[in-house]
Every structure is written in structure tokens, then in C-alpha cells.
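> Take these sequences, add in the hints, and give me the full structure.
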Amino acid sequence: MPKIKCKKNLKVANNKKTKRMKKDIILAGVGGQGILTIATIIGMAALSEDLQLKQAEVHGMSQRGGDVQSHLRISSDPIASDLIPEGGADLIISVEPMEALRYFNMLNKKSGWLISSINPFKNIKDYPELEDILKEIWKLPRYVTLDADKMAREQGSIRAANIVVLGAASPYLGLKESSLKEAIKTLFGKKGQDLIDLNLKAFDAGKEFSLNSNS
Amino acid sequence: MKKLLLLGDEAIAQGAIDVGLSGVFAYPGTPSTEITEYIRASQEAKDKGIVAEWSANEKTAMETALGMSYAGKKAMVCMKHVGLNVAADAFMNAAITGSHGGLVVVSADDPSMHSSQNEQDSRFFGKFAQIPVLEPSNQQEAYDMTYYSFLLSEKLGTPVLMRITTRLAHSRSGVIRKEILPQNNLSLPSDLKQFVLLPSIARKQYNTLISKQRIFEQESTESGHNHFIEGKDKSMGIIACGISYNYLLENYTQQTIPYPVLKISQYPVEKTLVKKLYDEVESILILEEGYPILEELIRGLLDEGKKIKGRMDGTLPRTGELNPNYVAKALGMNYEEGYDIPKTLKARPPVLCDGCSHWDSYYALNEALEPYSKGRVLSDIGCYTLGALPPLNAINSCVDMGASITMAIGAAEAGLVPAVAVIGDSTFTHSGMTGLLDAVNRKVPITVMLLDNSTTAMTGGQDSPGFGHLESIIKGLGVEEEHIRIIKPLRRHHEENVAIIKEEISYNGVSVVIPRRECVQTLAKRMKLKHAKDKMQKESQSSK
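In the order they appear, the protein sequences are chains A and B.
Take the working numbering: the final residue in the first sequence is number 1671, and no numbers are missing along the way.
Take the working numbering: the final residue in the second sequence is number 594, and no numbers are missing along the way.
Just so you know, the hints here were simulated from the structure itself, not pulled from any lab data.
A virtual CB, placed ideally from N, CA and C, is assigned to each residue, including glycine.
Any given hint might turn out to be false.
Each pair of labels, with its calculated beta carbon distance range [claimed, not checked]:
id, chain 1, residue 1, chain 2, residue 2, range
1, A, Lys1566, B, Ser592, 45 to 53 angstroms
2, B, Asp404, A, Asp1653, 24 to 32 angstroms
3, A, Lys1565, B, Gln93, 46 to 54 angstroms
Cross-link-like lysine-lysine pairs, in silico, BS3-like; alpha carbons within 27 angstroms at most [claimed, not checked]:
id, chain 1, residue 1, chain 2, residue 2
4, A, Lys1591, B, Lys578
5, A, Lys1578, A, Lys1606
6, B, Lys356, A, Lys1637
7, A, Lys1591, A, Lys1632
8, B, Lys356, A, Lys1566
9, B, Lys356, B, Lys379
10, B, Lys585, A, Lys1646
11, A, Lys1647, A, Lys1657
12, A, Lys1566, A, Lys1578
13, A, Lys1479, A, Lys1595
14, A, Lys1646, B, Lys52
15, B, Lys578, A, Lys1641
16, B, Lys228, B, Lys243
17, B, Lys393, A, Lys1595
18, A, Lys1566, A, Lys1595
19, A, Lys1641, B, Lys356
20, A, Lys1646, B, Lys583
21, B, Lys53, B, Lys96
22, A, Lys1478, A, Lys1646
23, B, Lys53, A, Lys1479
24, B, Lys321, A, Lys1647
Structure, rendered in C-alpha cells:
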């Protein structure tokens, strides 16, 4: 009997939407790698859960193969700044390992997670050794590093690598898996069922990896 | 009503559509481009017959909008901050003619120069023209204030300047719409000499503008866009302009701000509000995104009053955009820092795309110039400006739209022969044509490399105004036909291209070499669209 009661209470609490939440997310990558797709999916999911949202993007010159980032803030309360304060990011999601380093100063030392692909995008001469980059990431207390390219290829196409990374970040987003998946379906809806399936599988692969690597 | 998720730029666009806009005119420039793009893509705008066009440059756009205002309809003109320099002649004089239909000028500033050559503050231009300036702090305000600006413009018969900065332009948030108003009917000003700025009329009109200044100030307060927020701690008062207000709030998410705050989003600012704050506090902190304009005014030349903190005394950085952390420091607050950025990290500057025609053009130009000493290539603004960086190191200047040709003329006239100008197709029709006419008239020995990728590439591939008739423009300006050379910038044509460029460089007169190949980005977009269309056709055929 007491068990049932407990469940009921939980349901009531959810219905009232009394749950307060705030996630400050830095999305990192190189121009053209699809970080805005990740931002759009998280944004759509957040809106479907009636959360507030601010998302600062980079347009213009840096898009040409330079480093790009997006500040994505979701919260149950009104959000003031379009920019996340330094040391305030709950999450850094990077689709490129060296780009993950660029925002170390943004990460919350007490609770922040870093999720990064380990697949370098080398368009500069002095690109560091991957090993040296990973050494820096692995010093952090909370991280997930994954071979997103390989995992995406296993699901059917390397082009879904960004969605693999999103899947790996999904346990830390504070959003329902179902809202994220609905957003993927909506976003890729026009492009056909094959692409939806590919991206959902890519999402699951990333999520599974993430859960297993930190259990 | 359902919230729309909009960029600051898009919120301005939607606000204009909803208040009854009839036309928007613009030249693309980061961070302003998305305003016009949004209206061009809007089905609602199409259904209403709203004119949304890219102009040859900001000046022609400004004048077109002024013409639409003359004809009684609401018109908007959008540009980046340096675009306002190009439009300045029309802009300054539109302040004197005044408006008839609502006229709103949007200038998007780029503090920290993310995609620009300077960080000039457009509020100065508003002050220079002595017209009202709006500076929204968030996306909802961007919508609301655009809506308001058109109504204000029609109420007071003046153009209104809307100033935003990169962060607001390119950040997305929820926006609630207002009542949708119809467009104006065609009508002419009651005084048909209002727009005739002959000295005698201009003097009268200028006096009218001056007499409105006090009304502009009162409007800033009465609109509610500038307002006072009480605070108990009188040791300091804070003036927060535009988006800097958000950075202030960010530092007090868990508590109310203890200090009195003056939130500023409209100029000119009325003295009484500032005086009220000044009188009740011991010191003032001024937060401005851009130049310390209010700060300079409040300090005055002698700066002998109460202690004032801001960008001028080092409390905040003198240059670049603000952020929550700079403001926290200015408030004397501590914040949890993140991790040190590892030294392993390397810079990743933007580069030309793989397969971009500019690579081949520059490889050929570099080789053709090998016999000469370095430093002979004056260039311009566009993707090809990236040719300044390694490995190309191909160009020696980038100043303003069109300056390549005219600077090459000056350098050649100083004795730097050969001198080469490198300019893109869209930049050429924006501001390069008149310079080329100078060169032809004076027979200055320069070679213009007109890199034709048939689009305005850097800002995302907008139409290039000279598309399809560049040669006839150049011929019409007087360049001899045999010295207009079209080449194909491809690796397999390299030797031939080098030879042609060498020939034209050695010609003692004006020559134009046009490397012509479509931008790889627009090509990819076009192909994608074509595939989608083909697929749709096939599907509809098979279903028959």
C-alpha cells in the first residue's frame, strides 16, 4: 500500500509542473559540423516541455571552417542573459575534441559535464595530437568521450555523428527522452522515414554508450 | 497567442510585418542579414504583398525606403553598423526631411568585431542625426519596440533608428505577437515641399527637427522604455542600456537588485530620470554595450561630480562586448570560475571552403605577381578577404566596401605600378563601379581582379545585383573590351590563368580580369533543391 501512495504523489507533482530546472549548455564545434541541428532539437524538446529558452548562435565570417559555439539556456524560470556566465555551464557538448577545450573556462567546476566526440576535424596545420587533447579532457571529474563517427557509421551513416553526441548528452539534459525523440522526428520528418530511423538509432547508440560508460 | 521562437533579427522583422510594413530594403551584412531574409521567406509577408528586396548598397536601400515613406507607407531599411556609413548621406538628410509613412532604420552593431572591421556605436549616428533611437534588451522588446517605432515615426513625422548588437541579433527566444495592423494607403505629404531640401526649406525643416528634441526626450520616458527601478542601497545607482540590462539581471537571479536602477532603451534620455538617480546615490555604475556615450555625457568634460564607474575608468573593459562576468566584476561580486583553458588548444581561424574558386584565383594571382616586390594587392570585403591569412597571404588591404579599386588608383598614382585591386562581384556593384570610372577617366594603370562567384557569399548567398551583366557594366564604364578577360578559376586552367593575369598586369592602362565560378555553398544549395524537386516530380509521376 505505501508504495502505491508514493507513486501517486509523484504523479501529482509532475502534473503541477512544479519541477524547477535550469540547464546552461555550450555547444561546440567547427562551422558546418551541425551544432545548430543539436541546438534546434534540444530547443524544440524544451519548448514541448513548456520551458523557457535562449539560444545564442554564431553567424557570419567564423562559419567558414572556424570555431563556432552556441550558448543554449533552458530553464523553468525566465532567463536574463543570452550568454552563459563563465564557470556556469552545466554541460559542454562538443562534436570535435579540440573544440571542447576552448570552453573549459565556461564549465561549472562543481557539477558540469563535458560530452565530446573524439573525432578530430583537422583544418589547421598545428592541430595537436589527439592523445594530448584527450589527456586534458580526462582530467575532468565528469566527462563522456566517444567515437561518434564510428558509432554513426555502424548505424548507417557518418552524417548522424552529431546526433550520436546528442544521444550521449541526453541523460544530462534534464529533458525527457520522449521529447527529444519527438523533436528528432519533427526535424527530420520532411526528409523521410529512413532519415528519422537513422537518427533515432544514432541517438540511442550515443545514449547507451553514455549510460554504460558512467555506470 | 502562441510564442514564436525568434532570433532578435527575426523579432524585428515580425514586429514590422505586424504593424503594417509595406516594404523592407537592405544590403546584407552580419549581424543584420536575417531581418530581411525572414521577411523574404515569410508566407504572411508574401500574402500581404510586402516588398522585400536586396538593394545594390545601403544608400540605395535607405533612399528607396525614404521614397516609400514619402508615398505614405511604412518602410524599413536594414544594415550592419558600417553600412550606415554608406547610407549616411541619405540618413542624415532624412532626419531633416522627416518622414511621412513610418520610417525605421535598423542598424546592427558588432561590438567585439565578430564579423566586422570596427565596432562603431550607431547610437552616435542617432545623436548625430538628432532622431529617436531605440535599443531593445531582448527579443520581445525587439518585437515590441519595432512595432512602437513605426507608430512613433508616424506620430512625430521623424525617422527612427533601431540599434541592436550581435548578441541580440543572433540569439533566439520566445516572442508574443501584438495585434496585426493593416498597411497604409498610398498618400502624399500634405506639404509637397517637405522633401525639397533647398536651403530655404531645409532651414525651416531643420528648425522643425530641433523643436522636436524636447518631445523626443519626453517620449523616451512616457513610452516606458526608460524607467526607474527603486532600490534600498543608495551607495550605488546603476544605469543599464540595452542588452547590458540582461547581464545585470543575470547576476541577481536569486535575489532582487539592492541598488536603484535606471533601465535605458530609448534616446534621447530625459534629464529628470538621470537627475533623480544621481541625487539619491553616492556613486553611479554605467553599463553600455558599445561606446561610453551616456557615460561621457554624465561625467562631463570636467568630471568633478560624484564617482562614476564604467568603461572610461577601467571598471569595465574599454572595448568589446560585455558579458555577465564583466558586469559581476564591476558590481564587486565573486563568481565561480571554470577550468583553465589547456595550452594544447590552438586557434582555428575561418578559412575559404574546400573547392572555393577564390583558392584558384589567388594561386594564379600570387604566381603572376611573383616577379614583383610584395605588397601590391589592395583588396576588399567578402569571403576573399580571408586571402590575407596563410597559406595564401595574397592581399594587403581591407578597409571598406569598394576601397580596393580606389586605393589601387591612389597607390598607382603614387608610383606603385603595377597595383592590383581584388574585389568580389557584389562588392563591385555595391561601391566599386564609381572607382573604376575614376580609373578609366584618368587611365591609371591598375588591374582589377573581379572575383565573380555570382552571389553575396559571406552573408549566406544573397542575390548579387550585377549578376548576368557585369561585363556590360564594365564596358559601359569605359574599360576597353580587349582588357576585360574572363577566366575559369580551376586548377586545370592554372597556367593559362597565370599567363592572362600577367598580360593584363603588364598593360599600361585599366584592365579587368574576371575569374568566374559559382560559390560552392550556393551551388550545393541549388543542387540539393534540384534533387528534392526531381524526387517530388518522380513521386508524383509514379503515383499517377
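> Does each hint fit the structure? Answer for all of them.
Hint-by-hint comparison with the structure:
no.	hint	in the structure
1	A/Lys1566 / B/Ser592: 45 to 53 angstroms	59 angstroms, violated
2	B/Asp404 / A/Asp1653: 24 to 32 angstroms	30 angstroms, holds
3	A/Lys1565 / B/Gln93: 46 to 54 angstroms	48 angstroms, holds
4	A/Lys1591 / B/Lys578	40 angstroms, violated
5	A/Lys1578 / A/Lys1606	17 angstroms, holds
6	B/Lys356 / A/Lys1637	57 angstroms, violated
7	A/Lys1591 / A/Lys1632	32 angstroms, violated
8	B/Lys356 / A/Lys1566	40 angstroms, violated
9	B/Lys356 / B/Lys379	20 angstroms, holds
10	B/Lys585 / A/Lys1646	13 angstroms, holds
11	A/Lys1647 / A/Lys1657	16 angstroms, holds
12	A/Lys1566 / A/Lys1578	32 angstroms, violated
13	A/Lys1479 / A/Lys1595	23 angstroms, holds
14	A/Lys1646 / B/Lys52	23 angstroms, holds
15	B/Lys578 / A/Lys1641	21 angstroms, holds
16	B/Lys228 / B/Lys243	36 angstroms, violated
17	B/Lys393 / A/Lys1595	14 angstroms, holds
18	A/Lys1566 / A/Lys1595	14 angstroms, holds
19	A/Lys1641 / B/Lys356	59 angstroms, violated
20	A/Lys1646 / B/Lys583	13 angstroms, holds
21	B/Lys53 / B/Lys96	22 angstroms, holds
22	A/Lys1478 / A/Lys1646	31 angstroms, violated
23	B/Lys53 / A/Lys1479	21 angstroms, holds
24	B/Lys321 / A/Lys1647	58 angstroms, violated
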